[in-house]
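Engineer: All chains should be modelled from the sequences, with the hints used to inform the complete structure.
Residue numbers (the working numbering), protein chains in the order written: chain A, 1 to 245; chain B, 246 to 735.
Among the hints, a few may not be true.
Below, a list of computed lysine-lysine pairs in the DSSO-like style, where the Cα atoms sit at most 27 Å apart [unchecked claim]:
#, chain 1, residue 1, chain 2, residue 2
1, B, K446, B, K404
2, B, K511, B, K371
3, A, K66, A, K21
4, B, K494, B, K362
5, B, K732, B, K650
6, B, K510, B, K295
7, B, K485, B, K385
8, A, K73, B, K650
9, A, K113, B, K662
10, B, K371, B, K402
11, B, K677, B, K731
12, B, K453, B, K404
13, A, K110, B, K478
14, A, K73, B, K404
15, B, K374, B, K446
16, B, K277, B, K362
17, B, K434, A, K66
18, B, K277, B, K511
19, B, K650, A, K118
20, B, K650, A, K111
21, A, K21, A, K216
22, A, K121, B, K650
23, A, K113, B, K650
24, B, K434, B, K456
25, B, K298, B, K511
26, B, K706, B, K527
27, B, K404, B, K385
Below, a sample of chain A positions facing chain B; criterion: calculated Cβ distance under 10 Å [to be verified]:
#, residue
28, I78
29, F86
30, A155
31, M156
Hints are computed from structural coordinates only; laboratory data are not their basis. Yeah, the Cβ is synthetic: ideal placement off N, Cα and C, and Gly gets one too.
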Amino acid sequence: MSTRVEMKDVRKAYGDNEVIKGVDLQVQDNEVVVLIGPSGAGKSTVLRMMNGLETTTDGEIYVDGKDIAHAGKNIDQIRENIGMVFQHFNLFPNMSVLGNVTLAPIELGKKSKAEAEKEAKTFLEVVGLTDKADAMPASLSGGQKQRVAIARALAMHPDIMLFDEPTSALDPEMVGDVLGVMRRLAERGMTMVIVTHEMGFAKEVADRVVFFGDGKILEQGTPTQIFDHPQHPRLQTFLKQVLEA
Amino acid sequence: MKRKWLWSTVFASLLIVLGFMLPQQRVQAAEKTYTIGTDVTFAPFEFADKNNKYVGIDIDLMNAIAKTEGFKVDIKPLGFNAAVQALEAGQIDGVIAGMSITKERQEKFSMSDPYYKSGVVMAVAKGAKIQSLKDLRGKKVAVKTGTASADYANSVKAKYGFSTVTFDDSNNVYDNVKTGNAQACFEDKPVMQYAIATSYKNDLELAKNFKMAMANNYGIAVKQSEAATLTKKINAGIKKLKANGQYDKIVRKYLGNGSEASQAKKTAAMQETDRSFMGLLKSNWGTLMSGLGETLWLTIVGIVCATIVGILIGLLGVVPNKFLQGVSTTFIYIFRGLPMMVLALFIYSGVPSLIDQKVPAFIAGVITLTLNEGAYTAAFVKGGISAVDGGQMEAARSLGLPWGKSMRRVILPQGVKIMIPSFVNQFIITLKDTSILSVLGLLELTQTGKIIIARNMEGFKIWAMVALIYLVIITLLTWLSNWVQKKVNA
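Structural biologist: Below, the structure is given as structure tokens:
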């Protein structure tokens with residue numbers, strides 16, 4: 001098994017205010033890692049560091065062996081292999097669903113328009129939206145938008161997929177569809193890093209669960225270790241709050 | 246592909262601009278033509294007659310001098326201040342505009358021999374009690390800037406205890422007396438008699454107890470470098486014309502024997518016969534339309550150049566590069582901060598002395614519009630791009646799209662939609678702002694209005710016509726913009 005993501009003592013500070021306080025994290029090939037923790041703990045920030053959307057103050061980050069923090073112009077090429085799914089979908093409202101999915105492969109010269117569109121339809125099939133190819137994003141529901149966003153990321157054939165609270169902005173009845181798609185991706189062996197508050201999903205799909213508190217990793221382990229035998233008192237309190245809610 | 250299109254547009258507009266500059270320079274190189282500036286509002290010395298042809302004592306005299314002395318003149322009605330500034334900057338070769346020969350002017354320019362002897366008179370509201378200088382204590386007197394009458398007013402105002410208000414246009418001077426904002430005005434005698442004879446018959450009269458003051462001589466101002474050639478020819482010409490009686494003929498044509506009644510008779514012959522709104526509109530239609538044509542031409546070229554410059558500068562403002570952002574911010578700060586009239590005068594009269602190269606008024610006007618409107622455009626282009634949700638750029642970059650591609654395919658199409666109402670607004674503002682360029686003597690709609698009023702003194706009716714024309718065009722432009730907006734949003 002090769003290492004997909006490696007973070008070494010990563011820190012980020014705004015002036016004197018350190019928000020990420022030395023994070024060491026590895027993600028192996030085919031592994032599904034779920035980041036949990038209270039809001040403000042730094043899990044989204046750490047996730048966004050993995051594709052360079054967030055800068056670091058100190059430490060090293062390698063994705064597929066490539067230095068992200070000092071990538072310079074190479075960042076674009078590295079990002080082609082890292083899919084990203086956002087809480088608020090961030091679909092391009094000026095293009096159809098098909099346009100969203102085919103934009104990057106066509107613009108970056110990976111595929112001809114015809115090839116890209118043909119392939120896009122197979123990705124739309126994966127997320128169950130074949131019939132929406134010509135729809136505009138504004139006409140879709142939240143769950144449909146998020147599934148298009150996943151198809152859009154898949155279109156670049158990434159080695160890793162990052163999910164930043166993908167279901168947090170959805171109505172409850174839409175959550176299942178999106179989690180279903182993510183579950184299928186995991187089953188196919190996609191390497192995934194997921195920030196989520198869906199504990200049931202984490203328990204079921206994660207190979208490893210990482211608990212963040214106050215800008216640090218406080219505990220990590222298998223779902224069983226984390227959810228059934230939590231050690232750190234902060235984790236115990238957190239789980240109590242989440243499960244009781 | 247898109248970038249190629251953009252650059253070819255920039256290139257094409259540069260060619261258009263250059264196209265304006267070339268013919269003018271070629272004409273100057275091919276034949277000996279002197280460019281002489283003149284005022285637009287100084288009847289009976291210079292004014293457009295009812296056929297929109299420039300006439301007047303100065304015009305006829307200048308043409309006669311040129312004919313006798315064998316050179317060609319291109320007489321440009323620029324407005325008095327603009328003409329003097331253009332002469333100072335070397336944009337033109339001379340000015341004939343009822344200019345009194347003064348010490349200052351003799352130092353600055355090469356002044357010709359006197360060609361007309363004038364004097365200052367005082368006019369008051371018809372039937373007013375004020376009829377002499379002594380009656381002016383505590384009152385206000387209206388004068389036109391830069392005239393001998395203004396100098397005269399300033400020289401006696403302490404003694405007689407009145408204050409002065411100054412205007413750029415004669416029409417405004419008279420209207421102030423008519424409406425009672427000022428109690429009297431000073432003006433050169435033939436000019437005052439002309440005004441009373443046209444449309445102030447029932448409003449103004451010459452003050453009865455005022456003896457013509459400060460007899461002064463009109464001369465033609467020539468730029469110093471032409472003193473040995475042009476001034477010499479002009480002096481010889483004046484001498485010849487006075488000797489052969491042609492000079493008297495020209496003066497009599499406009500002033501009769503010089504008395505108020507005689508001049509009134511001559512003046513009436515040069516005026517529109519129908520003074521109703523429709524009558525004036527009909528007789529001035531051609532003139533107003535040619536002014537409108539110039540306004541539209543300025544607007545179109547201005548909008549094209551300002552939009553291109555504005556978009557480029559606006560884009561520089563969002564490029565992730567501190568230096569380029571600084572360039573953009575500075576451009577917007579300077580050109581949005583400068584009043585347009587100051588900018589126009591600076592480019593037209595200031596820059597030529599710096600670069601030692603004439604800047605034609607039209608080019609100066611277009612540059613002014615480009616810089617000023619371009620700065621406003623840049624500001625809302627920048628704002629429109631910033632208004633696009635930040636997640637859009639993150640999503641595009643996360644797919645591996647470089648900054649430029651993300652900007653072009655994702656951010657700009659959304660930003661442009663946000664900007665469209667601002668563009669429409671800016672087009673309308675540009676159209677209106679062209680009126681400010683009348684200070685450069687450009688014969689656009691506003692300047693045309695001034696010129697017509699200078700002849701017939703019908704300020705209210707003519708300005709109403711000009712205002713209506715602007716409104717009609719702006720309405721059409723708004724409709725067009727709304728139509729385009731609908732198409733884009735569909």
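Engineer: Hint by hint, note whether the structure agrees.
Structural biologist: Verification of the hints:
1. B:K446 <-> B:K404: With a Cα-Cα distance of about 31 Å, the restraint between K446 of chain B and K404 of chain B is violated, given a limit of 27 Å.
2. B:K511 <-> B:K371: holds (22 Å)
3. A:K66 <-> A:K21: holds (22 Å)
4. B:K494 <-> B:K362: holds (16 Å)
5. B:K732 <-> B:K650: holds (25 Å)
6. B:K510 <-> B:K295: Roughly 16 Å separates the two Cα atoms, so the pair holds.
7. B:K485 <-> B:K385: Given that 27 Å is the threshold and the Cα spacing comes to 44 Å, the pair is violated.
8. A:K73 <-> B:K650: Given pair K73 of chain A, K650 of chain B holds - Cα atoms ~14 Å apart, limit 27 Å.
9. A:K113 <-> B:K662: Status holds; Cα separation ~26 Å.
10. B:K371 <-> B:K402: Given pair K371 of chain B, K402 of chain B holds - Cα atoms ~22 Å apart, limit 27 Å.
11. B:K677 <-> B:K731: holds (24 Å)
12. B:K453 <-> B:K404: Distance ~20 Å between K453 of chain B and K404 of chain B Cα, so the pair holds.
13. A:K110 <-> B:K478: It is violated: about 78 Å lies between the C-alpha atoms, which goes past 27 Å.
14. A:K73 <-> B:K404: violated (79 Å)
15. B:K374 <-> B:K446: holds (17 Å)
16. B:K277 <-> B:K362: violated (30 Å)
17. B:K434 <-> A:K66: violated (89 Å)
18. B:K277 <-> B:K511: violated (35 Å)
19. B:K650 <-> A:K118: holds (23 Å)
20. B:K650 <-> A:K111: holds (16 Å)
21. A:K21 <-> A:K216: holds (6 Å)
22. A:K121 <-> B:K650: holds (24 Å)
23. A:K113 <-> B:K650: With Cα atoms ~17 Å apart, K113 of chain A and K650 of chain B stay inside 27 Å; holds.
24. B:K434 <-> B:K456: Measuring from Cα to Cα gives roughly 11 Å; hence the hint holds.
25. B:K298 <-> B:K511: holds (17 Å)
26. B:K706 <-> B:K527: OK: K706 of chain B and K527 of chain B at ~12 Å, within 27 Å.
27. B:K404 <-> B:K385: Since the Cα atoms of K404 of chain B and K385 of chain B sit roughly 14 Å apart, the hinted pair holds (cutoff 27 Å).
28. I78: holds (8 Å)
29. F86: holds (6 Å)
30. A155: holds (8 Å)
31. M156: Given a least distance of 6 Å, the restraint on M156 of chain A holds.
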